[in-house]
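As you go down the protein sequences, you meet chains F and E in turn. Those letters in the first sequence? Residues 1109 to 1522, by the numbering used here. Those letters in the second sequence? Residues 6 to 494, by the numbering used here.
Hints may be right or wrong, so weigh each one.
[Stated by the list, open to error] Coverage of chain F stretches by chain E, computed from C-beta distances (three or more under 8 Å per stretch; other residues unrestricted):
1. 1298-1312
2. 1334-1346
3. 1398-1412
4. 1473-1486
The set of hints was computed from the structure by calculation and includes no laboratory data. We put the CB at the ideal spot given by N, CA and C, even for glycine.
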Amino acid sequence: MSLYGVMRTGGSGMNAQSNKLATVADNIANVNTTGYKRASTEFSSLILRSGTGNYNSGSVETQVRYAISDPGTLNYTTSATDLAIQGNGFFIVSDSGGTPYLTRAGSFVPDGQGNLYNTAGYYLMGYNIKNGAAPDVVANGLGNLEVVNIAQQTLLGNPTTTAKLDGANLDSNAAITAGPPAYTSKTSLITYDNIGNPVKLDMYMFKTAANTWDVEIYNNADAAAGGGFPYGGPALSTQTFTFDVSATGKGRLDAASPTSMAFTIPGGSPFTLDMSNMTQVAADFQFKATTNGNAPSALDRVEVSSDGTMYSIFDDGTRLATYKIPLATVPSPDNLSPEVGNVYSISINSGNIQVDFAGNSGLGTIKPEALEASNVDLANELTAMIESQRSYTANSKVFQTGADLLDVLVNLKR
Amino acid sequence: MSLTVALSSARSSLMASGVQSSVISRNVAGLHQDGYSRKNALIVSQPGSGVYVSGIQRAASAGLFNNVVKAVSTSAQQDALYNGLQKIAAVTIDDPELDQSAAAQLAKLKSALQQYASAPNNVTFAQTAVTAAKGVATALNDATNTVQMTRADADAEMATSVNNINQLLAQFETVNTAIIKGTISGSDVTDYLDTRDNILSKLSQEVGITFATRANNDMVVYTDSGVTLFERTARSVTFDPTHSYTAGTTGNAVVIDGVPVTGANAIMPISSGKLAGLATLRDDKMVTYQNQLDEIARGVIEVFVEKDQTGAGGPDQTGLFTYAGGPGMPTTGAINVGLAGTIKVTDLVDQALGGNPSLVRDGGMNGASYVYNAGGEAGFFARIQGLVDGMAASRTYDPAALGKPSGSLVDFAGSSVSWLESQRKSVGDEATYSQTLLERSADALSNVNGVNMDDEMSFMLQVERTFSASSKLISTIDDMLKQLLMAVG
Chain F
1109 MSLYGVMRTG
1119 GSGMNAQSNK
1129 LATVADNIAN
1139 VNTTGYKRAS
1149 TEFSSLILRS
1159 GTGNYNSGSV
1169 ETQVRYAISD
1179 PGTLNYTTSA
1189 TDLAIQGNGF
1199 FIVSDSGGTP
1209 YLTRAGSFVP
1219 DGQGNLYNTA
1229 GYYLMGYNIK
1239 NGAAPDVVAN
1249 GLGNLEVVNI
1259 AQQTLLGNPT
1269 TTAKLDGANL
1279 DSNAAITAGP
1289 PAYTSKTSLI
1299 TYDNIGNPVK
1309 LDMYMFKTAA
1319 NTWDVEIYNN
1329 ADAAAGGGFP
1339 YGGPALSTQT
1349 FTFDVSATGK
1359 GRLDAASPTS
1369 MAFTIPGGSP
1379 FTLDMSNMTQ
1389 VAADFQFKAT
1399 TNGNAPSALD
1409 RVEVSSDGTM
1419 YSIFDDGTRL
1429 ATYKIPLATV
1439 PSPDNLSPEV
1449 GNVYSISINS
1459 GNIQVDFAGN
1469 SGLGTIKPEA
1479 LEASNVDLAN
1489 ELTAMIESQR
1499 SYTANSKVFQ
1509 TGADLLDVLV
1519 NLKR
Chain E
6 MSLTVALSSA
16 RSSLMASGVQ
26 SSVISRNVAG
36 LHQDGYSRKN
46 ALIVSQPGSG
56 VYVSGIQRAA
66 SAGLFNNVVK
76 AVSTSAQQDA
86 LYNGLQKIAA
96 VTIDDPELDQ
106 SAAAQLAKLK
116 SALQQYASAP
126 NNVTFAQTAV
136 TAAKGVATAL
146 NDATNTVQMT
156 RADADAEMAT
166 SVNNINQLLA
176 QFETVNTAII
186 KGTISGSDVT
196 DYLDTRDNIL
206 SKLSQEVGIT
216 FATRANNDMV
226 VYTDSGVTLF
236 ERTARSVTFD
246 PTHSYTAGTT
256 GNAVVIDGVP
266 VTGANAIMPI
276 SSGKLAGLAT
286 LRDDKMVTYQ
296 NQLDEIARGV
306 IEVFVEKDQT
316 GAGGPDQTGL
326 FTYAGGPGMP
336 TTGAINVGLA
346 GTIKVTDLVD
356 QALGGNPSLV
366 RDGGMNGASY
376 VYNAGGEAGF
386 FARIQGLVDG
396 MAASRTYDPA
406 ALGKPSGSLV
416 DFAGSSVSWL
426 ESQRKSVGDE
436 ATYSQTLLER
446 SADALSNVNG
456 VNMDDEMSFM
466 LQVERTFSAS
476 SKLISTIDDM
486 LKQLLMAVG
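Looking at chain E on its own, in the form it has when it is part of the complex (with noise of 0.2 Å):
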């Protein structure tokens, strides 16, 4: 028995050298391919029959692959909040040349009516003193645009997020399925093992996920707030875009499996993945800057007042500045919401509408009972240098708008570059932190599973030494029988 013994062990040494050199091909074909984890043959003897493929293993580490999906959640959860914050700062703050800040254009205002001031007669320092107005009411409106236009955007990247979601989830019970099925027929399953990984790795970029696998493989995912996104079968990621934001409006929550996890509103709240920076740039650091332009915009309208000079005891009114919901004042100590979209200079100043600039200095915009010049002196620079006064005065800021308590009107404005500023400045620091953090774990997690090129290469070697051998084996029995065969005939 021992000669057919020989040539079937041999013949079992081919075959799992085939499927040895299959494996090495596939590791070698997967060498740039992302998610593409090192597959290993295990070759198991059988007494008395050569050896057989027992099966395919993948080399993975659950821990490293866990470390790699968590910095993938927090890296895109930065990147999401620091593009939102970088594009805002390009607009408004970023270009010293073009003074686009509120803070700028109010320093600009203040020099303008400090020189008209020294020459109230003069027309020409007039209309300068309303062009800087016009630039801060602009400045104004402008970055209001901005934000919402901003909160608008990342509530459509919200929806294609959630979109991409669900296809995710799709996909994801597709290929859970045939991992399921594999694992209890003991098939291949190393191939779909790496695509289900690859969508994980996906799904955490857009959502901070956390998974747990279950007997045959089956797993379950769950947001990084444990609420369920797949467990058997997909859940719903529900989404209801908001396609236009003005200062008031609040957008709607991402639900989860009937959960909402982004908002105020939120019961249990979803903390890193590109849907947590978005809702956090749309419901909480916009809305603030939002909140801060519109203090600003406060402070302006109040400073430029006008007080019934009569002494009857009329009601304050709009100067300079109004608004749309002028010429009646604005709440006063408080957020005034959207008050920095509609902010304007009167029209009773703009020469092009047939204005006066010299109104500035006189005073009544609102009627005869709120002129200051009463006199109608030339060289009248009271008012005027009420207004700078007023502009340097110290004043209070409702604390929600988070930029300083009291101050002036100017340092309120510096107040709120520099908190955009440095949220910018910490979230870019903690996206690259997170950025390095997600190189470093992936290096790792590569290190664990990746293909080696020069480890395949001499693997091959061997490989083709034992198919050599065990071919040089069979051609020898064959021999053997040749000689037992003649010595027959």
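One chain only, chain F, in its complex shape (with noise of 0.2 Å):
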């Protein structure tokens, strides 16, 4: 029996260097995919049990393996939506039909709609924040996810609501004004309305004692012709300020002053300036501060971060959080069951899927305009096919013996 146990043999050696050169073909026909994660073979003998006398072969189990966790290199683009991960994670897309699937192939451009897709048809899954709510994430699911899309806001205004001054000082040595249309110092802000248009804000400061200034804040829309005083309306805001020069206080605002001023931008939104940051020393008038809003304007392009934030960038600088891009992993990704595309779906191997953002939980970053090449290795797969090459001569040498063999053994009977 063990003549033919020898062909059989020979038989499974040749089955199974013909699947690792199978992966070797389909690895060096994918050596330039983006996101191609290499596939190889990994053998076990299949010995039979043998008595002391004599011995019958057995066979080899061919066990394919994909090096899915095995990162490629990073190729630059200029695109910001090629998007590639440094680290453990995969992107979730989900195919038109909605079925999700993980990836790393991250060629992401908009279609028709503006949805994001990538080479092989997959759409790009996020958290929509675009009312500014934090992402709303199920650690364990896909809920929530929806179809990136770039292509919405294409106007878009936001009301100012705040400002902050970055350094502000009224001048200690200036002299005591009498009031309107007598003033200290003058600056200006632009804010904007809940429509959108700018609303210039002119700031008086009357300095009406020793250490005590009175803020006025008029609408410049109100002012009279060439500017200034008189307002055709009352002031939106009057505050008075009182600074502490002592030795603690070195002309910081007094502890009993207030330190903001609130109201309505006409138009527009409440408003709160943060003044807790003025000073009044002996140095010259400055007043610097920002302030949030921005006018409508057409969307210009987006961009990632690299914690998987899609910002949508306006024409005029302005950014807004669009999508959270979230990163999904499973506790053994190399037993992910790849899919058409580039894809991997979850297999009973691979266990749960997790979800988290980019840079959480031991999930690597998002690296906008850079793709991740395939991990293939020419030279390794060459080296592999030739290797295969002998072994399957070989093999068919084991299988030819043994035919050979089988074949005297007919003669024998003449």
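Please dock the two separately framed chains into a single complex, following the hints provided.
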């Protein structure tokens, strides 16, 4: 029986080597495929139980392995929506039917509706955070995800709600003023109302007594021709600030003094001007403030930060977070089952999906304007190919020898 | 995987070398470009995949740039002031041969009168005295015209300067928006930053500025007095030019963001930049000089006054010198604005107009009661001597004119000349000093951000070596793969 066994063993060896050759063929074919993960073959022996006096040859079993957790090198590109993952994790994508998959192939481009899809046609999924709310993450599932769309919000304005002083000083040596139309210093700030009209606020500082200043804010639209007093309307807000000139205060606002001004911008939203940084020292007047809000302007482009937040950048330079792109992983990434188009689906062996954001819980970071190259090494594959060719030849020799011996056996009887 | 990684690393090195050489060529091209700052490609190594260019950096120093901007403003202010004073001085006092100054003409008049006093019957001497008097009046008229023309020129230059500021601020807005957008999206904004700095330097020439950078490279610009020039949008800078000036004209103020910043009523006055220099010239220096001229004119008219000789107590009347408001006397003891522009020698002594020069000796230009030489004597010299003494006598002048508070007419005219000279001298010194300061600050900045040709060339050689080494690597790896393929075949 063992001669037949030898031929079967030789056949199984040839079968195993052709499997190996098949993985090599696939690897070489995909040597330049973005996000492709190398397949390889591992063999395990199937030896038959034998007695001490005889040996029955068994066969070899092929196991296909995927080097899914092995990162490829990064190639840099110029498209802001080309994304690569540095470290662990996968993008969550879905096919047109809505079935979710995992992938490392991040060459995303917008389709006709502005939905981002990759080379294989899978749509990128993310959490919508346009309303400013925190993303609603389901840690072990894919709930609340939607297809990332970059075509929306062509016109969008944000009303100004807060302003903060970067640095402001009132000249302590200024003379005391009588009040409007005389004033000590003036500055102005651009804010935006609810529909994005710029509203210029004129701010006047009056030194009314030593270390005491009145600040009045007027709407510039009410100003007299040529600017300034008299204004057509009352002040939007008036506040008296006092300064502590003791050795401890050193010209900062007095503890009892108000530290902010709050009012509603004409046609706009409630606005708070945080003045807590204001000082009164012997230096020139300065008033540097930063306000939020922006005028409506067209979407210029999008960008993705390394934590996966996608921003829309508008023509006037403001940016708005629109989506949060999560990363997913499984306990055993190498056991994911590969599907057509560099995507992977969850298998029994891979374990359950875990969703979080880039940089959290062991996940990698997202690198924009880069693509992950295939992790196939050509030299490796070519040597594997030669190896496999030689092994195949050797196996065929075993088969042939078995067949020859059988032939001899058959020819014993004439 | 190692051969492919080697290949990809070598390729990334080639790409980085490409960017580096493009940066070098930008630097070389910008060598003589005003406001260009040296660029530098930041190469970052990426574990397992070679290198990549993470960004382009600009050699810049905010502190030194700030110094340059300040020096530019001060220098522009001093230059504007100096040029104006120079213009006045050239026409009024600079050429001693021409005796254009009122002081020289007064001295001439004095000596002509002295000569006349020695021979009161000599009609030629009388004629010479009248001509000298005309010289004084013309000198004062011409000086007034020049002063007022200089003020009008300064006003016109202020209008140009305001136009420039508005244009620069509009450009600033465009560039600033591009910078914010570029900074947010991480693209190369270094050239825009150069442009913005350039605009700031130009702006600082017109008006003194301070500036601050906010998040995302957004910049806010204020005048040196703290008035907002740019914050998200450009503020309006307005100025209503006045085309013709007389001594009494007050020029309009430049208004930035609704705040007047020049002139006497400025609430937050600017202190440097061309605009500040022109405003000082127009509203301060030239007004003071005009006041001095007016005081000289008042003095001259008062010296040659004719008093009632009959004892009837008739009012004092203008004599040899009269003015638009004559024959009544100008207000005494105070500046009569514009007097120097209208002062003239009375027609009654002008032979060409049928006048009689001997009236200088006799008086009586305002009728019979004002005749000094009642006897009609040909040798009457008391009146002429009186006039000569009057010119030498000490008088008081309005201190607002900033000349000598008291002294003879010739002394006061001399003090006016020396006031102008000292102004010109001190402003000239300041201008030279601020020019030097500017050059030094610009040098210091250029040492930091300038392009050094030798440096660039040696760096280029380095890049070239890296490039050849990387390409050599690629061809070697290619050979190795070729050998492998041959082994397969």
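So, going through the hints one by one against the coordinates:
Counting residues of the stretch 1298-1312 of chain F whose beta carbon lies closer than 8 Å to any beta carbon of chain E gives 3, which meets the minimum of three for the stated coverage. With 3 residues having a Cβ less than 8 Å from any Cβ of chain E, the stretch 1334-1346 of chain F passes the three-residue criterion, so the hint holds. For a cut-off of 8 Å, the count of residues in the stretch 1398-1412 of chain F with a CB near a CB of chain E stands at 5, and the three-residue condition holds. With 5 residues bearing a CB less than 8 Å from a CB of chain E, the stretch 1473-1486 of chain F meets the requirement of three and the coverage assertion stands.
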